[in-house]
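First to last, the protein sequences are chains A and B.
Residue 414 is where the first sequence ends in the numbering used here, and the numbering goes up by one at each step.
Residue 1375 is where the second sequence ends in the numbering used here, and the numbering goes up by one at each step.
Rather than coming from a laboratory, the hints here were simulated on the basis of the structure.
Model, not experiment: these values are computed from the prediction.
Heads up, a few of these hints could be off.
Computed footprint of chain B on chain A; a stretch qualifies when at least three of its residues, placed anywhere within it, have a C-beta under 8 angstroms from a C-beta of chain B [claimed, not checked]:
#1 71–78
#2 292–301
#3 324–333
#4 373–385
#5 396–402
Ideal Cβ positions, reconstructed from N, Cα and C, are used throughout, including at glycine.
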Amino acid sequence: MNFDDTPQEAAFRETARKWVEANAPKELHAELSKSSLGRIRLAKQDIVDVGKAWQKKKAEGGWACLHWPKEYGGRGATPIERVIWQQEEGVYGKLTQPFQIGEGMCGPTVMAFGSEDAKRRYLPKLASGEEIWCQLFSEPSAGSDVAGLRTRAEKKGDSWVVNGQKIWTSGAHYSDYGLLITRTDPNVPKHKGLTMFVLDMKSPGVEVRPIKQANGMQEFNEVYFTDVVIPDSQRLGAVGEGWSVSLTTLMNERMSIGARLATGVPEIFEFCSNLMLEDGLAIDDPAVRSKLASWAVKASGLKYTSYRAISALSKGERPGPENSIGKLVSGMMLQDIATYAMDLQGAAGVLTGSDEETVQGQFQQMLLSSPSMRIAGGTDEILRNIIAERVLGLPGDIRVDKDVPYNKIPTKGR
Amino acid sequence: MNFDFSDDQKQLRDQARKFLTEKCSPKAVRVVLDGKASYDKELWKGLAEMGFLGVAIPEEFGGAGAGHLELCVIAEEMGRANAPVPFSSTVYLAAEALLIAGSDAQKKKWLPAIASGEAIGTLALFEGKGNPSPKNVKLAASNGALNGVKKPVADGAIANFAVVAARTGSSGRENDISLFLVDLRAGGAEVKSLTNLDPTRGQAEITFKDCKAEPLGGIGEGWSILTQVLDRAAVLCAFEQVGGADRALEMGRDYALDRIAFGRQIGSFQAVKHMLADMYVSATLARSNSYYGAWALSTSAAELPEAAAAARISATQAFQHCAKNNIQVHGGMGFTWEFDCHMYYRRANAMALGLGSLTYWEDQLIDRMRKKNAA
């Protein structure tokens, strides 16, 4: 048992480290290091512009989407080399945020279902950041139950005409392409009537509107389709096979090993180390210590769980299912930590400005943003279902809509 | 990175599991649970023959000379099987104290006897309520004799010898405390069994009256040695707790698959699935923290104090959580004496207290994290 690289891994790490050292935008280091929670904001520059420049440089150096085959813009790197790269890329990895959906979800789906032409057309530009992708799955009435989606695509000659609406689309406003799942046959059960397309986001009839979220920010979009025409050549997988195509996408969403999830633990620890309560420092209070300790062992548990997965990759094995717990644990923890920090602040905790006693409102912001951590990318409840069914082998839910034609499924609760 | 047990160590785990499945069935555990024996003597003998008791004891002292990682994998299996033997007292506490502080003669006297299963050892630290603290040690040592009362002492009624924490000074500092080695069968120690939460591992009160004792380690070094012993034991116990948590989770999962209610498997209800998923989460966090503890223990890393506290907390929480919800998944059947759920519930809650309570270890973890942050 050790944390050491193998000689090959050490050599690879050295190469990566040197390249980052020579090429990274060091002027952004301090700013990127600071933004540990939530989305990245740079004071003077647009994250998409800076991100594109960094991604392009990486692509030229052979470090973009490095686990992809060379002919599609990657480096043919092994899974463990990808993890090592992420470790060495460090805080600069935050610059790749606009490309993560493309690299993590859309790219692998095109890789699995696209024609050779499609792969050569889309993947290298996706890898180099020249073209940004978004994922058009969720709808207002199809979230956890994404297969219940309503957006229609109807065949007209060699093309499809799309009408409907998607929601929660990160980056739709700056994306060039979208992975779009539609209903092509409402007369069969819901999973059987879906078809996947690659959508040119600049097509006529595509309208992107930002959503004002519960935390007051605007990070996601609604995307509306009015008679949008998509050539049949843009289809991924067979007609009616959209569900199995989407499973590839979603599987990749949950595969991000070694990704550091924000837990809030360093923040609450530092806060309690400095906060004076009536009887002294908060961290000297037994009740505070008990809370901190319980959160600290969750954070360390997640860290060493990811180390176990990395070790499996290092041996060329498939990591076990342990990594599926990451978002479930960290999402709830962020919310609890935010609530507790504000409790310690007492009456002043209600303030959300740049007040000294509330440490610039960082926990207030965490409180308001944390619900999304428990919903996006699979709700806590869906994640528990996945653990229960795929890891523990418990039966799937009894589905009352399984064999019912889509257009016979009730659409209203009451 | 190779943050995993080696193939040999995994093989040892399989071997231990196979052995314990055969020799330590729930039926065998119940013999001790029902008070028909004070511990499973046959199993203890078997563990000695398998080389498990001395796995981390050097060969020169009669052990297998493997190491702490090997002991961790065996500990996990002991926890899974809910083994009714004085393994933790003898192997994690007494043997480790001897390995850390024993003279050559002391090691020669006791370690081979531990490895062969002839001697059962324990640590006599607590004096009534309270957590590990120099202040709570009142038992006095003077002129090589001990006077005072220790309770609870795990496996005290069946132990041949004890490592006893005693007061040798009154400065109010840690160096008031020294450790002593006492042969409990040589007179001067009166032992009384106490009833406790988990009858599969006994607890006792030991009254020392002018009891002859020899120092273990230097006079005044007791607390520093004890801290190291408790850290090591915290990691090893964490593996027992992880094993117990996994078993409780498995029992709950299996029952949820077998039991039908409202015309379907109860494991198809989300209320039950989510409870089991949460148990899996706790058990996974505990396992990962314990692996880190194992790494720190096996490499004598400077991180051991922090890693041990984290492993202890995480594993205590996980075992309590899984044992508690295993009963809940079983419903009424889980509350019968006949079903095995309560054996894990008892063990989980007894283990949560044995080396000091959860609150104590949470306090320790924060101290240790602050020390590291300051450094």
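Run through the hints listed earlier and report the numbers of any the structure violates, in increasing order.
1
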